[in-house]
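There are 2 protein chains.
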Amino acid sequence: MWNPGEDGIIRRSDRVPDVPVGLSRFQQIVLHQGRIERFFLDHIRKHSKDTLRVERGVLPESLHIDEDTLEDHSPDNYPITVQLQHLTEEEATPAQSNGSTVNDGLFRSNLAEDDTDDLIAKSRDKAGSTETVRAKYMVGCDGAHSWTRRQLGFQLEGEPTDFIWGVLDVIPITDFPDIRMRCAVHSSGNGSLMVIPRENKLVRLYIQLKEIKPDASGRADRSKITPDTIITAAQKIIAPYNLSYEYCDWWTAYQIGQRVGTNFDYKNRVFLAGDAFNLGWKLGLVVKGVAQPSILKTYQAERRRIAQDLIDFDHKFSRLFSGRPAKDVMDEEGVNMEEFKQAFIKGNMFASGLSVDYGTSMLVAKPGNAADQGDGTDVSSSQPNKVIGQQELASNTKLGMRFPNYKVLNQADARPWEFQQRLRSDGRFRIIVFAGNIVNAQQSARLQNFCRRLASSSLLAPHLYKDIDILTLHSSKRTDVELLRDFPDVLHPFDAKTGWDYNSVYVDDVAYHEESGEAYSGYGVNRETGCVVVTRPDQYVGYIDACDEEGFAGVEAYFKGILAS
Amino acid sequence: MWNPGEDGIIRRSDRVPDVPVGLSRFQQIVLHQGRIERFFLDHIRKHSKDTLRVERGVLPESLHIDEDTLEDHSPDNYPITVQLQHLTEEEATPAQSNGSTVNDGLFRSNLAEDDTDDLIAKSRDKAGSTETVRAKYMVGCDGAHSWTRRQLGFQLEGEPTDFIWGVLDVIPITDFPDIRMRCAVHSSGNGSLMVIPRENKLVRLYIQLKEIKPDASGRADRSKITPDTIITAAQKIIAPYNLSYEYCDWWTAYQIGQRVGTNFDYKNRVFLAGDAFNLGWKLGLVVKGVAQPSILKTYQAERRRIAQDLIDFDHKFSRLFSGRPAKDVMDEEGVNMEEFKQAFIKGNMFASGLSVDYGTSMLVAKPGNAADQGDGTDVSSSQPNKVIGQQELASNTKLGMRFPNYKVLNQADARPWEFQQRLRSDGRFRIIVFAGNIVNAQQSARLQNFCRRLASSSLLAPHLYKDIDILTLHSSKRTDVELLRDFPDVLHPFDAKTGWDYNSVYVDDVAYHEESGEAYSGYGVNRETGCVVVTRPDQYVGYIDACDEEGFAGVEAYFKGILAS
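First to last, the protein sequences are chains A and B.
Read in order, the letters of the first sequence correspond to residues 186 to 750 in our numbering.
Read in order, the letters of the second sequence correspond to residues 186 to 750 in our numbering.
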């Protein structure tokens, strides 16, 4: 962080790590949005065997929902009808693609007008083709210009600010020492900027444009915003250091605002995106007939609560960022730099995604009132008796939060794994059997009982491995036990063509080459008696119970509130 | 390791890690040969911009070397002429590709005859086309059937053994507990086998075929070797455990032998491969005119010494592996299992490649006699005074061995790096400046002097960054120094379009999220005064001297014995 000293000149005032220490094995990295998109496109292609393609240049015209059949979940009921307009080649090619991006940085900025209706109208005049789609479910975007939100009549709450910021992706030529560090610079009177290093010597600069103000209508004069005016603003902020560039990769500008939608779903049939990870697996399981349609209402409950928390934070943070630093303790209008630092650290925590703690619902078996812990929607289980997990059996593995990661060893080959790597995002729930110390005959018997019930459960057995995966982590010495001799078959199933499964049973033991052997204490599980944890397909912890016959009854009850059959 | 107990039944007798503990951050992995080849082909394509292609179905017919011009290294002298025969489509398609590989596992096994001459003759009859290639240098293969070796009249020393082993790549169906561990099984009377786990549940099994013996001519009856006879042999060895398979990916069989060539180069113009890593960069630098042609003679000196060591080890190891285990201490004909275990551990060390220690030469400035430390070739420097590095300045960074790896931080962005990742295999020498504690004014002055001489050296300056890269590692606190203020420009060069280089200066300091800060003690370098290490393009340590004006004179003398101009 760089703030003005007493002489008004910026100096490095503080340093904090980008990622809170000890939070995750992953560090922060800035990836170009195009790379993320490419990754998704490649995987859609691969996993659909090239049958699914993303269409572009297609705009929606009308949405009709058959209210009478919304509750009918039979496979051939498609209550949603959307009319699509395929844009002509000319309309589908934005002006930005015709020239250099450097010349049209404000394309699709929130400083520009919404051009959806205009595009549809023009395209219709030019006889672009139309298409009618009938669907069970529909997912729209949640941006300020969302057409789907407009059709549903949902509102955005919140207001834009007067702050306008420019963005430059450039290879900087500068003597500013922290140009390869993510950092914030508050100048005494010329505004603030943020430095975000990227790949190939590129740096993304967020630059406050103090000289650009919205007019009475709330709109800024876009003609004044160019890469030249933005870099000039940056040069004033970062003085006495020099800053220029020869190569600009991209630029834009936008008006800061924090708005959140009042609703994210319409009767569990039409959804506004925002957390694809949360919505995707739920829709998938319902469409496949694996899960009850009622789990869909947890999307809005879980999504909106987090969105509101984030917006509240960003509201405060953007004002701390764009405000003038306090000259001294008497300067009450200025921003307190210690407060800014604390917000910066909290922002890092938010960005990591690991602070999310979902409220109780049919998917998260924890105590309390579902409406209070979410966005007000009732997402409690339809089961007559509320199922509640035994949090104390895995004290550091919190119901409603991500299943934490520790290093474990594969029992069959002693290879170390980050345990989380075994929880693939493949749409499956997971029963994670903390088998405890199975060298102890009594514990071994408890495990056998749990497994016997699991293998013969008429509710769960038909779903095993296909919709519900099983992972085992025991705490005996690896060399004291054998996979085939000491673990029931359901934990490492046999296949007539490929033999036993060697990738499902793990041990919390010391590796030859890496630190490990602390997983049980990390998860907060008793090494002797273990427990059973159920994770949702998005790796959030849904249920915890004992690794025995009674515990199995609890696991079954949890799934009864979720599975369709 | 599995050996017979007193009752003659195999039991797990011992366990050792695959890779010696603490040796490297990399662990062992088995990669399919086709994947390695694909990797090379992709990179040849990429880095040659698709101008270089590997041709197949081309065989050499004749080799002519113009002895009179071998010493003439002018750019237009091509003393080697090779006549090539392009095989017809039919000849170029081995019988193996026509059917299943499972039906022809002995294709190109050393149990099969050399078919080179036969292929050439048949192809000529069928009017395949010929081609004449004139070359400066030529690289042939070093296998038992090497055509190039035959033309040069070099010999293979050593003899085949009577041991014949089969190989099966299968998905095993078995109750043998260690099927996912690399392990060795010695049965009491049915021979030995080795288990090497692969990807996708595949396991490679090496299986001793005790019932197949070479006849008087030294040849085995190949018709008796099939996947069935091999798995039957395995079943006898591994009893009382069961072993079968449904899926076989590939199989072969071969006769064990250890043979090493008498020569690996002919007058520094024709080379026999075997260590492409060692030969490639030397040839590249000579062809580009960067290095003196005399460095080429270090290839045979370095290669043959290592090959002989490895063959000597394998000679002993294969006999320990194929021999019958001793029944008791009185059983002198049997193999001592403790001796086998020690050889197994030594084999793991060999396989890692990190035990290589090259002798003194113009490329490795260490004391002693070049002929004694290599294969007898005189590879000492042509310099009037022998250059010898100051080993004591980097006591754990051995002249002649690979530059070790420790974790360091980038000075500009605090990102941790495995330092070895900065020593890319791009054909460049590297001057690694251990700058020491540059907060100390005296040490800073020593660094300035070294850098001033380096930047103005008429020998080295023209090669900087293009043929000789520079990396810096200092030991001050990262936050006490600034890249631009405290380090001479030559250590982080400026480019008018892309600004300063931020990827050349590192620090041995503590990272936020990872263990680090032990590099200087790891390399054995004094934290106050530092030193300078020169690495060859293959990351072997060539020279060590002080980080001052006098040390620079040594660095210059070392390069004088290598660089062409």
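Please keep in mind that the hints were generated in silico from the structure rather than gathered at the bench.
Ideal Cβ positions, reconstructed from N, Cα and C, are used throughout, including at glycine.
Just to be clear, a hint being listed does not mean it is correct.
Short, incomplete list of chain A residues facing chain B, as computed with Cβ under 7 Å [stated by the list, open to error]:
#, residue
1, D360
2, P362
3, E667
4, Y687
5, A696
6, Y697
7, S701
Lysine-lysine pairs mimicking DSSO-like chemistry, simulated, CA-CA at most 30 Å apart [as the list claims (entries may be wrong)]:
#, chain 1, residue 1, chain 2, residue 2
8, A, K421, B, K231
9, A, K651, B, K386
10, A, K651, A, K234
11, A, K682, B, K682
12, A, K512, A, K482
13, A, K321, A, K583
14, A, K531, B, K307
15, B, K409, B, K231
16, A, K395, B, K682
17, B, K386, A, K231
18, A, K231, B, K234
19, A, K592, B, K409
Listed next, with one range per pair, are the computed distances between beta-carbon atoms [unchecked claim]:
#, chain 1, residue 1, chain 2, residue 2, range
20, A, V206, B, S610, 30 to 38 Å
21, B, R197, A, G207, 53 to 61 Å
22, A, H330, B, H228, 52 to 60 Å
23, A, R210, B, L644, 45 to 53 Å
24, A, M534, B, E699, 45 to 53 Å
25, B, Q627, A, R504, 18 to 26 Å
26, B, E384, A, H330, 44 to 52 Å
Hints versus structure:
| no. | hint | in the structure |
| --- | --- | --- |
| 1 | D360 | holds (6 Å) |
| 2 | P362 | holds (5 Å) |
| 3 | E667 | holds (5 Å) |
| 4 | Y687 | holds (5 Å) |
| 5 | A696 | violated (9 Å) |
| 6 | Y697 | holds (4 Å) |
| 7 | S701 | violated (13 Å) |
| 8 | A:K421 - B:K231 | violated (44 Å) |
| 9 | A:K651 - B:K386 | holds (19 Å) |
| 10 | A:K651 - A:K234 | holds (20 Å) |
| 11 | A:K682 - B:K682 | violated (60 Å) |
| 12 | A:K512 - A:K482 | violated (50 Å) |
| 13 | A:K321 - A:K583 | violated (34 Å) |
| 14 | A:K531 - B:K307 | violated (76 Å) |
| 15 | B:K409 - B:K231 | violated (45 Å) |
| 16 | A:K395 - B:K682 | holds (29 Å) |
| 17 | B:K386 - A:K231 | holds (22 Å) |
| 18 | A:K231 - B:K234 | holds (27 Å) |
| 19 | A:K592 - B:K409 | violated (48 Å) |
| 20 | A:V206 - B:S610: 30 to 38 Å | holds (34 Å) |
| 21 | B:R197 - A:G207: 53 to 61 Å | violated (39 Å) |
| 22 | A:H330 - B:H228: 52 to 60 Å | violated (45 Å) |
| 23 | A:R210 - B:L644: 45 to 53 Å | holds (46 Å) |
| 24 | A:M534 - B:E699: 45 to 53 Å | violated (20 Å) |
| 25 | B:Q627 - A:R504: 18 to 26 Å | violated (50 Å) |
| 26 | B:E384 - A:H330: 44 to 52 Å | holds (47 Å) |
Going through the hint list in order, the structure does not satisfy hints 5, 7, 8, 11, 12, 13, 14, 15, 19, 21, 22, 24 and 25.
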